[in-house]
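*Asks:* Next come the chains, spelled out residue by residue.
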Amino acid sequence: AQSVTQLDSQVPVFEEAPVELRCNYSSSVSVYLFWYVQYPNQGLQLLLKYLSGSTLVKGINGFEAEFNKSQTSFHLRKPSVHISDTAEYFCAVTTNAGKSTFGDGTTLTVKP
Amino acid sequence: DTAVSQTPKYLVTQMGNDKSIKCEQNLGHDTMYWYKQDSKKFLKIMFSYNNKELIINETVPNRFSPKSPDKAHLNLHINSLELGDSAVYFCASSQDETEAFFGQGTRLTVV
Numbered sequence: 001a002q003s004v005t006q007l008d009s010q011v012p013v014f015e016e017a018p019v020e021l022r023c024n025y026s027s028s029v030s031v032y033l034f035w036y037v038q039y040p041n042q043g044l045q046l047l048l049k050y051l052s053g054s055t056l057v058k059g060i061n062g063f064e065a066e067f068n069k070s071q072t073s074f075h076l077r078k079p080s081v082h083i084s085d086t087a088e089y090f091c092a093v094t095t096n097a098g099k100s101t102f103g104d105g106t107t108l109t110v111k112p
Numbered sequence: 113d114t115a116v117s118q119t120p121k122y123l124v125t126q127m128g129n130d131k132s133i134k135c136e137q138n139l140g141h142d143t144m145y146w147y148k149q150d151s152k153k154f155l156k157i158m159f160s161y162n163n164k165e166l167i168i169n170e171t172v173p174n175r176f177s178p179k180s181p182d183k184a185h186l187n188l189h190i191n192s193l194e195l196g197d198s199a200v201y202f203c204a205s206s207q208d209e210t211e212a213f214f215g216q217g218t219r220l221t222v223v
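Top line first, the protein sequences correspond to chains A and B. Using the working numbering, you'd call the opening residue of the first sequence number 1 and step up by one each time. Using the working numbering, you'd call the opening residue of the second sequence number 113 and step up by one each time.
FYI, nobody ran anything at the bench for these hints, they're computed from the structure. Just to be clear, a hint being listed does not mean it is correct.
With a cut-off of at most 30 Å between alpha-carbon atoms, the simulated DSSO-like pairs for lysine-lysine come out as follows [said to hold, decoys possible]:
id, chain 1, residue 1, chain 2, residue 2
1, B, LYS134, A, LYS111
2, B, LYS152, A, LYS99
3, B, LYS131, A, LYS58
4, A, LYS58, B, LYS152
5, A, LYS58, B, LYS164
6, B, LYS153, A, LYS111
7, B, LYS131, A, LYS49
8, B, LYS156, B, LYS183
9, B, LYS153, A, LYS49
10, A, LYS111, B, LYS164
DEER-style ranges, computed between Cβ atoms [what the hints assert, rightly or not]:
id, chain 1, residue 1, chain 2, residue 2, range
11, A, GLN71, B, THR125, 42 to 50 Å
12, B, GLU170, A, TYR39, 35 to 43 Å
13, A, THR55, B, HIS189, 24 to 32 Å
14, B, SER177, A, PRO12, 38 to 46 Å
15, B, ASP142, A, SER27, 19 to 27 Å
16, B, ILE167, A, SER3, 33 to 41 Å
17, B, ASN129, A, GLY53, 31 to 39 Å
Covered stretches of chain A (in silico footprint by chain B; criterion: 3 or more residues with CB under 8 Å from a CB of chain B, positions within the stretch not fixed) [claimed, not checked]:
id, region
18, 45-52
19, 99-107
Bear in mind the structure is a predicted one, so any value in this text is a computation, not a measurement. For every residue, glycine included, the Cβ atom is placed at its ideal position computed from N, Cα and C.
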């Protein structure tokens, strides 16, 4: 079984400030790691993913995440946020059996 | 061209009714899913189908019955709707263990 913990349910930041959304996971098998973004009244869309290789992955909209195997973490970062980044962010893990588990989400609110 | 489309987008119905939500993907993916997102935005997988075969069936009341006529379609039928079924239901598809592509969601309100 696997689980995903998003450590912050809400993150308020000012525009142009850096942000980090934290994600920890646990699993008895190897997993693939994902971050998704959900804008209001829309479905989820992929921000970035880690399947293998370099532990620092870059995604869309200037986001990046670093896979840390020893700490079982996959934190999402952006050096300078915009108002348009206000959304719900979900961390997810998927096993090679195709089962996905999502975290409870982090609401990022960017204030002017 | 919408990759994963689900209909209807909104569904308001009375308790006890039976309703269906349809989902189609044009990505050629082998795996399709149904997720439920509650009012607190928690997202939980309900079902997963691979090439029309059920591979994941989480703890979901048997009033919920998925049907996959072909690998591009995964419909969700719900019998005897209850107030607690009110949520947003998302269909998604994926190929192997890569990322899932989500539909826009169906907001179900049971009154």
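*Asks:* Give a verdict on every hint.
*Replies:* Against the structure, the hints come out as follows:
A distance of roughly 38 Å separates the Cα atoms of B/LYS134 and A/LYS111; the hinted pair therefore is violated under the 30 Å criterion. For the suggested pair B/LYS152 and A/LYS99, the alpha carbons sit about 22 Å apart, so the restraint of at most 30 Å is met. The straight-line distance between the Cα atoms of B/LYS131 and A/LYS58 is roughly 41 Å, outside the 30 Å bound, and the hint therefore fails. Our distance criterion of 30 Å between C-alpha atoms is met by A/LYS58 and B/LYS152, whose separation comes to about 29 Å.
Under the criterion of a C-alpha separation no larger than 30 Å, the hint pairing A/LYS58 with B/LYS164 is inconsistent with the structure, at around 34 Å. The straight-line distance between the Cα atoms of B/LYS153 and A/LYS111 is roughly 21 Å, inside the 30 Å bound, and the hint therefore holds. About 35 Å separates the Cα atoms of B/LYS131 and A/LYS49, which puts this hinted pair outside 30 Å; it is violated. With a C-alpha separation of about 22 Å, the suggested pairing of B/LYS156 with B/LYS183 holds against the 30 Å cut-off.
At most 30 Å may separate the alpha-carbon atoms for a hinted pair to count; B/LYS153 and A/LYS49 meet this at roughly 21 Å. Using a Cα cut-off of 30 Å, the hinted pair A/LYS111 and B/LYS164 is violated, with the two alpha carbons roughly 46 Å apart. Under the hint 42 to 50 Å, the C-beta atoms of A/GLN71 and B/THR125, about 46 Å apart, fit the expected range. Hint check: B/GLU170 to A/TYR39, Cβ distance near 26 Å, so the stated range 35 to 43 Å is violated.
A C-beta distance of roughly 43 Å is found between A/THR55 and B/HIS189, which places it outside the suggested range of 24 to 32 Å. Look at B/SER177 against A/PRO12: about 42 Å separates their beta carbons, and that is inside 38 to 46 Å. For the pair B/ASP142 and A/SER27, the supplied restraint of 19 to 27 Å holds, since their beta-carbon distance comes to about 23 Å. Checking the proposed 33 to 41 Å range against B/ILE167 and A/SER3 shows it is violated: the Cβ atoms sit about 20 Å from each other.
Our hint of 31 to 39 Å for B/ASN129 and A/GLY53 is violated, since their Cβ atoms are close to 50 Å apart. Check on the region 45-52 of chain A: 4 of its residues sit with their Cβ under 8 Å from a Cβ of chain B, so the three-residue criterion for coverage holds. Residue count for the region 99-107 of chain A with a Cβ under 8 Å from a Cβ of chain B: 7. That meets the three needed, and the coverage hint holds.
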